[in-house]
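Listed here are the chains, written in short residue letters.
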Amino acid sequence: GNSVTQMEGPVTLSEEAFLTINCTYTATGYPSLFWYVQYPGEGLQLLLKATKADDKGSNKGFEATYRKETTSFHLEKGSVQVSDSAVYFCALGYNQGGKLIFGQGTELSVKP
Amino acid sequence: GAVVSQHPSWVICKSGTSVKIECRSLDFQATTMFWYRQFPKQSLMLMATSNEGSKATYEQGVEKDKFLINHASLTLSTLTVTSAHPEDSSFYICSARIEGGRTDTQYFGPGTRLTVL
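Protein sequence lines correspond, in order, to chains A and B.
Position in the first sequence (first residue = 1) + 9 = our numbering.
Position in the second sequence (first residue = 1) + 3 = our numbering.
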């Protein structure tokens, strides 16, 4: 069946460090891939998405490229800020409004 | 943007009692709402899909008699955990779907933490 695997957290970085959170997936057909972010006390928010192979999603300095050959959708940011501290979830689905399959989440903590 | 609220944000109950969790779309109508469950350090697991005015569709392995879902209006869905036991302790998250035209998006509530003693 379909599944998503993320790197385990927590990840602790200093401000302005480079961030990579790994995400790999198993799926049939051609799903879309998503990254969601959950700030403390808030609901999950869509951070970025990619709907087909080789697409790059980007938002707020974060990027992820849909790599079908490696079944990956790694999240990157060149210079993290304290305000990026949150839990990040990788997910797949066949449309963003429909059923989603989530990875286990990766907690990011950025220290000043 | 679209806002989804959940009430209560946390609840503690005794084993054997029932607990109701509300999910509301505050500024839009949602024909579909989803209920997820999240265990510590684990992913969100979809429990059921709730459609306004019809019975919920449960995922495999979810006990429909234990987790009662009611989607009585376009802005409210409720999840009732019946005869709760400690193993039902978890973080429950809902989301609400907006469909129409080129839009197909879901917005998530902040979650409800249930602790069963």
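I should point out that these hints are in silico values taken from the structure, not numbers from a laboratory.
Among the clues, some could well be false.
Taking beta-carbon pairs under 7 angstroms as the criterion, some of the chain B residues facing chain A (in silico) [what the hints assert, rightly or not]:
1) S46
2) L71
3) P89
4) E90
5) S92
6) R100
7) T108
8) Q109
9) F111
10) P113
Heads up, the beta-carbon is just placed ideally off N, CA and C, and yes, glycines get one too.
Now the hints, each set against the structure:
no.	hint	verdict
1	S46	holds, 4 angstroms
2	L71	violated, 20 angstroms
3	P89	violated, 22 angstroms
4	E90	violated, 19 angstroms
5	S92	violated, 18 angstroms
6	R100	holds, 4 angstroms
7	T108	holds, 5 angstroms
8	Q109	holds, 5 angstroms
9	F111	holds, 4 angstroms
10	P113	holds, 5 angstroms
In summary, the structure is inconsistent with hints 2, 3, 4, 5 from the numbered list given earlier, while agreeing with the others.
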